[in-house]
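Which chain is which? The protein sequence lines are A and B, in order. The letter at position 147 of the first sequence is residue 147 when you use the UniProt record's numbering, and the numbering goes up by one with no holes. The letter at position 171 of the second sequence is residue 171 when you use the UniProt record's numbering, and the numbering goes up by one with no holes.
Hint data in this document are derived by calculation from the structure and do not stem from the laboratory. Just so it is clear, the structure is predicted and the values come from calculations on it, not from any experiment. In this text, a Cβ means the ideal position worked out from N, Cα and C, and glycines have one as well. Check before you lean on any hint, since a few could be wrong.
The calculated label-pair distances, taken between Cβ atoms and stated as ranges, are [unchecked claim]:
id : chain 1 : residue 1 : chain 2 : residue 2 : range
1  : A       : Glu252    : B       : Gly87     : 18 to 26 angstroms
2  : A       : Asp189    : B       : Lys58     : 39 to 47 angstroms
3  : A       : Ile227    : B       : Lys47     : 42 to 50 angstroms
4  : B       : Ile301    : A       : Asp189    : 32 to 40 angstroms
5  : A       : Asp189    : B       : Tyr90     : 36 to 44 angstroms
6  : A       : Asn208    : B       : Ser278    : 29 to 37 angstroms
7  : A       : Lys198    : B       : Arg45     : 49 to 57 angstroms
8  : B       : Tyr90     : A       : Glu252    : 33 to 41 angstroms
9  : B       : Ala447    : A       : Arg163    : 56 to 64 angstroms
10 : A       : Asn208    : B       : Pro71     : 38 to 46 angstroms
11 : A       : Pro206    : B       : Ile306    : 49 to 57 angstroms
12 : A       : Asp77     : B       : Ile361    : 25 to 33 angstroms
13 : B       : Ile301    : A       : Ile227    : 40 to 48 angstroms
14 : A       : Arg151    : B       : Leu300    : 40 to 48 angstroms
Among the chain A residues that face chain B by a calculated CB cut under 8 angstroms, a handful are [unchecked claim]:
id : residue
15 : Asn127
16 : Val156
17 : Lys198
18 : Lys203
19 : Asn204
20 : Asn208
21 : Lys215
22 : Asn218
23 : Leu247
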Amino acid sequence: MEAAPKSACETCPQYNAEGLKKLGVNLNEADFVVALAGNPNTGKSTVFNALTGLKQHTGNWPGKTVTRAEGAFQYNDQKYKLVDLPGTYSLLSTSEDEEVARNFILFGRPSVTIIVADASRLERNLNLVLQVLEITDKAVLCLNLMDEAERNDIEVDTRTLARDLGIPVVATSARYLRGIPELIQTVSDLANGRIVCKPHRIKNIPPNIEKAVTKLSNEIQAVYPDIPNSRWLAFRLLEGDNHVIELLRKGEFVK
Amino acid sequence: MKETNVENLISLSNDLRWQIGDEFHDNLAEGIYADAAEIVKGSVRNKKEKGHLRFDAKLDQILTSKYLGFPLMFLILAVVLWLTIVGANYPSAMLGSLLLDTVHPFLKDLGVTVGLPVWLNGFLIDGVYLAVAWVIAVMLPPMAIFFPLFTLLEDFGYLPRVAFNLDNLFKRAGAHGKQALTMSMGFGCNAAGVVATRIIDSPRERLIAIITNNFSLCNGRWPTQILIATIFVGAVVPKAWSGLVSLAAVIGIAVLGMGFMFFTSWALSKTVLKGEVSTFSLELPPYRPPRFWKTIYTSLIDRTLIVLWRAIVFAAPAGAVIWLISNVHLGDLSIAAWSIDFMNPFGYLLGLNGVILLAYIVAIPANEIVIPTVLMLTVLVTGIGGGAGAGVMFELDSANATGDILKAGGWTLLTAVNLMLFSLLHNPCSTTIYTIYKETKSLKWTAVASILPVIMGFVVTFLVAQVWRLLS
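Taking the hints into account, I'd like the entire structure generated from these sequences.
Listed below in structure tokens is the structure:
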């Protein structure tokens, strides 16, 4: 149905789709695990299908994906397992789909998290992006639905955005496979450590709260030196999230 | 050692929480939004002047309008159904004549040639094969039309507008507005609808959505409704009107189902599933032009074939059971005849008959095989010709011939109307029951969801039968 990823500048190595092999559901011996997160109805499943060659059903309504779908692709001899998470607006509440997404990013320890955002509605989408960046520091923003943004005369300066967020930003129109080769290349660079992120941390917090967060977060680091997201954990503890407290007691965070 | 550390962390967090006050959640959320606004200011430029309505907004004004919203919804439903009903006729007839008239005798002869014992040949070919063939002939064409049409609407972005239109009704029923989406999925397949209820956060409202999903007429029941409406309801008006009247009857049943769904949701939320209606935000996504061929392809592969496969898996053993109960005798009567006699008095009370009740028991695995089972059992009981022998499911080439058999079996307009009602109000198919169990992990709620609709079906058909007989 779909043509393989192709573009005008085929001389450029990053456009060279020869290294790409869509593996469908063949999940054996993945070298990397890649999570696909994002707001509802931003085209995560479409990106998922474009990468894996699967035909996961997509639909134009928020909440279409209710379970985790898994697929795989191979790029330059490395195998990537891709996990399509349910779309969420936030990771701060406790509904079932948000928990699936949150727990996977936390405990699934994905090598890379692709955050899919709707280019026309970036401000609203950033809510989730900034939360994900508190949890993981290996992420790429997939600025999807660029075709719609262009139709609505919305321009996004991806370089400034990447600098502000501290992670790579790739503009895509997954329905038409535009930007998918660049996305794959960026994921591969992140997974292999060729790109190192310095993710944005939430800044506009009242000073007294920031102080409490820092204090708690430092204590957490003292107990668990390896934990990558002590600041986020501090947020959850200050909020009194019983689920996280329970997981902490069970030792889930240090696996 | 580690454990004391963890407890220290937790108590430290408790202390700190006291110090920073209870506005932490709001402060954090505000902080995130402030950050987002700053970032967007630096990198996004909207070249278009705001203020004038775009195409999306104009369309939404019509599709979600106070006055036009509902009529348009029913109109769209009617068009989709009409296309399905009319369009499915021809391929169904073709498949039927191929699988039932050509392949079936061929297989039967083949069985004789390779020396299968008569009973085994009957069991395999007349039982298992015919059930499967019937399901394919009856289900495949309407599904291959209904699912793609539904998917096109879905890709276009119409479903969230339906949810928007119905939201107020759901709120009044004490249910979650997203139930509109799972209800719409149920019109395709109840099992799929039950899985889709995962989008509802609150467990209370999710249970309501699961229990009432069965009131969406599923794909396996549309053909029954359409056939019976055509034979009996369409026949009471002049021929020119019969198509329109049958279509109206079918839509009437579907809308009645929605009525029962709202009523049951309301009753549940006022009694065993009491609670507040949770608020939620549902984005009305932009309308997107569906990618036509891709949609057709994926809905064929993803939905049609999977649902069809499931139906076949369930129909095969059901066909075997039908053949067995019609051919194994207890004394003079076959098990089927014996059960029909036993259930006839009860069936009469409901304005139905023993044949229909037995058919519904046999057809628990798949709703699709109700009509062929009813026909087969009617022929068995009345002993009229036209059938193909004991326990052999068959389809008649025309609706008229089917009507003749049913009328010979003592059917009246009341039987037809009550069968349509009972087809709407009875237990979900076994796949759906299993899915409900998997989703709720509760035997109690699975039992409620399975038995409640049957009880409602008994009550409604009983009342209709009594009133009908009183008036006529």
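Now for the hints, and whether the structure bears them out:
1. One distance hint, 18 to 26 angstroms for the beta-carbon pair Glu252/A and Gly87/B, is violated here, with the actual separation near 54 angstroms.
2. Here the CB-CB span from Asp189/A to Lys58/B is close to 44 angstroms, well matched to the stated 39 to 47 angstroms.
3. Hint check: Ile227/A to Lys47/B, Cβ distance near 44 angstroms, so the stated range 42 to 50 angstroms holds.
4. The beta-carbon spacing between Ile301/B and Asp189/A, approximately 34 angstroms, falls within the hinted interval of 32 to 40 angstroms.
5. The given range of 36 to 44 angstroms is broken by Asp189/A and Tyr90/B, whose C-beta atoms sit roughly 55 angstroms from each other.
6. Judged by the Cβ atoms, the range 29 to 37 angstroms given for Asn208/A and Ser278/B holds: they are separated by roughly 32 angstroms.
7. The given range of 49 to 57 angstroms is broken by Lys198/A and Arg45/B, whose C-beta atoms sit roughly 25 angstroms from each other.
8. About 59 angstroms separates the C-beta atoms of Tyr90/B and Glu252/A, a value inconsistent with the hinted range of 33 to 41 angstroms.
9. Look at Ala447/B against Arg163/A: about 59 angstroms separates their beta carbons, and that is inside 56 to 64 angstroms.
10. The hinted range of 38 to 46 angstroms is not satisfied by Asn208/A and Pro71/B, whose Cβ atoms lie roughly 57 angstroms apart.
11. Between Pro206/A and Ile306/B the beta carbon distance is about 52 angstroms. The supplied range of 49 to 57 angstroms therefore holds.
12. As the Cβ distance of Asp77/A to Ile361/B is approximately 58 angstroms, the hint placing it in 25 to 33 angstroms is violated.
13. Between Ile301/B and Ile227/A the beta carbons are some 44 angstroms apart, a value that agrees with the proposed interval 40 to 48 angstroms.
14. Judged by the Cβ atoms, the range 40 to 48 angstroms given for Arg151/A and Leu300/B is violated: they are separated by roughly 29 angstroms.
15. The beta carbon of Asn127/A comes within 6 angstroms of a beta carbon in chain B, closer than 8 angstroms, and the hint placing it at the interface holds.
16. Below 8 angstroms, beta-carbon pairs count as interface contacts, and Val156/A has one with chain B at about 5 angstroms; its hint therefore holds.
17. With its C-beta approaching chain B no nearer than about 15 angstroms, Lys198/A sits outside the 8 angstroms limit, and its interface hint is violated.
18. With its C-beta approaching chain B no nearer than about 6 angstroms, Lys203/A sits inside the 8 angstroms limit, and its interface hint holds.
19. The restraint placing Asn204/A at the interface with chain B holds, with a minimum CB-CB distance near 4 angstroms, inside the 8 angstroms limit.
20. Checking Asn208/A against chain B by beta carbon gives a least distance of about 6 angstroms; that is within 8 angstroms, so the hint holds.
21. Residue-level restraint check for Lys215/A holds (minimum Cβ-Cβ distance to chain B is 7 angstroms; threshold 8 angstroms).
22. Checking Asn218/A against chain B: minimum C-beta separation of about 11 angstroms lies over 8 angstroms; hint violated.
23. Because the closest C-beta pair between Leu247/A and chain B is about 10 angstroms apart, greater than 8 angstroms, the hint is violated.
Violated hints for the displayed structure, listed by number in ascending order: 1, 5, 7, 8, 10, 12, 14, 17, 22 and 23.
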